[in-house]
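Taking the hints into account, I'd like the entire structure generated from these sequences.
Line order of the protein sequences matches chains A and B.
This note's numbering applies: residue 1 is where the first sequence begins, and numbers increase by one.
This note's numbering applies: residue 1001 is where the second sequence begins, and numbers increase by one.
Don't read these hints as lab results, they were simulated from the structure.
The beta-carbon is built from N, C-alpha and C at its ideal position, and this holds for glycine as well.
Each hint should be verified, as a subset may be incorrect.
[Unchecked claim] The following label-pair restraints were derived from C-beta to C-beta distances:
no.	chain 1	residue 1	chain 2	residue 2	range
1	A	Phe-122	B	Asp-1185	24 to 34 Å
2	A	Leu-278	B	Gln-1101	43 to 53 Å
3	B	Asp-1136	A	Val-20	44 to 54 Å
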Amino acid sequence: MASYLWVLPALGLYALFTLVPLASGVWLALLRWDGIAPAEFVGLQNFERMLRDERLASALWHNVQYALGTVAGKIVLSLGLALLLHRSLRGRAVYRTALFLPVVMSFVVVGILWTWIYNDDFGLVNNLLRSVGLGGLAQDWLGDTRVALWALIAVDIWKWYGFHMVIFLAGLQTIPTELYEAARLDGASRWRQLTSITLPLLRPVMLVNVTLSLLGAMNVFDIPYVMTEGGPANSTNVVALHVYLQAFKFNRLGYGSALSYAIFLLITVIALVQLRLLSRNTAEY
Amino acid sequence: MPSDPVRLSRPVSPTELSTRATRRHLLKGAVGGAAAVALAGGRPGLGVAQGYQGDFVVVSVQEVEQAAPTIAAIEAANPGVKVVWRYIPSERFTELFTAAQVAGDQIDLMDLNGQDLRRYAIGGQLQDLSGIAYKDRFRQVALDTYTIQGKLWALPRGGIGGFTFFVNLKALQAIGVETPPETYDELLAMAPDLRQAGIAPFVHPGKNIYLWPVWQFWAYAQTSRNTAVEGTARVLTGEAKFTDPEHVAALEILHRFARDGMFIDGVNSLDNDAAWLQFTQGKAAFFYWHAGSIGTYREGDFPELDMSLIPPVRAVEDPNVARQLPGGTGSALGRYAEAGAERADLAASVMDLMTADPTIKALNELNGDPVSVNANVVASEDPLALLYAEQCSPNQITYLDWYWPPEITRAFQENQQAIVTGDSSPEQAAESIQSTLDDLFADGYEFLT
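The structure is reproduced here in structure tokens:
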């Protein structure tokens, strides 16, 4: 009993600032309320509305593309860099620090910075392409509906690869060097060592990285909000931005709340599936 | 505001462009404003109410520093009254005001963006001000803007300003043109020479959620034969549709601009800052922008820019159609419906003070407004402001997104961007916008005139 009393203050705070808002959010999802006129109870109408919300469907599809692009990009890039920086290398600490820097930068700073880098006229990307004779590839990165989402994905990868790289580095350091020595004695090539030792033993770390980047992709808001506001022509609208627009721009607080819970459920399911995979596929040595 | 477009890196609504001031303006204005408002406060009876002592709360889209002279004048005129000025940025007004309401906070006056007035008036959050005795203080267009269902819900404060075509005379001189164009055909004729000289005909911040719809306002004003507000009201009441020919024709004007290569490359990804930068660096000859930029232009050093302005070019055949432009009439000062009765007299006298000529003159100077909402106030002597007052103000119509719900603004933005990129035709865009409105109707939306 005494132990419960010890945790009671923390539980009280948790209830006040987490559980009560969560519960009141559920109630809000059952209302039609614009924040001005009196609220009206509408039952599950806000949830039904999701089924016929075409913009939600397109936003969800953008999230899926975002997830595919960022997960693949982050994992490949961060793993490659981690393998490089795991070796004995002069100035290794400097490289590690430099590559980690974007992680600690604010989303807004990153968004504004890349908006200028992508500028069609005086941006770094297009001018770099023009200066090396690839002017034909220069384009309006954020203003063209065909490439805008992928331009954002590239920024997200740039922002987060350092974080995943550090996790991979930590994983690499846990692999006993004796395994590599034994493999070399057996005549295994570097490629064989990578595929037969490194990657299988990195699987738990890989799953953590995939899970984190997948959840981040389903939850993404900052980068599209700052860089494109969901445009051009709705081509970069994602679910979290859609929720924000519904709740705070269109003043549909009930529907915005219902959407938030739907995302919460979706992300929970994804996380649970990933955790299950994680618990099943742990390699041992 | 005056808008300081170079410093704006987030989406900013046309109204906000009219109500923001730069830091330099704030400091400059605070001195002049204090003197002016002290005069207003010193006028016998103005701003003075007997009896109540305690807090008096104004929620406002105007920043506290900017309002300091007004606050000082109210407190000087009413000893024992402490003004609590709660600044709420316009884009967060609904959420923060609702939070204050739900918390049961004291609220006496609401100093809103004009575009939010309709929502609060219809939502029963404001008191009817139709009976005030000093209506003749204001320009009629400003009173009309804040009159809904025959009742006056707010008093205008600030300046009248809108979006018009700014022109870089240096760009025109570079191709041997002395006079800015009056029609789209004239503009089109000079476009090849401009491009040859490395100058884009037009720059526009196409990324900003509000600014493609604002483009539609001038175009629709012409295709509707100068009945844009009435035509919009008909659509919002369900009597007409966005797919009707005059709306599609307005979208077609945008399509022509895009098809004829009038816009600078990357127009859809330009925010306010980037578009202003392109214009001031002489990379575009024309810029559809807010009159508040006159102040920014005067303050800055732009060697590549010799700025002037014209009303939007005529893009329809009929020469009798006026070249109208959209704009707003300052912020909207209303009295909160649930304000305490014991502060009613004080609220009335404070509103009188906050809209008095000296107060508004100070505010106009602070914001660099081209035209004042008060009939007897000359807002600015700047030649460009006077040009705006002469050529543009008489043809100003209210922003149409002050009438329609924000979902329609978003629908316009998305679809106009698609027209510019070539992903959508004007007809398809109109269908999509109308379908957004139909969804709103199905959801119970009702427009009250």
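Practice problem: Provide an ascending list of the numbers of those earlier hints which the structure does not satisfy. | Solution: Every hint satisfied by this model.
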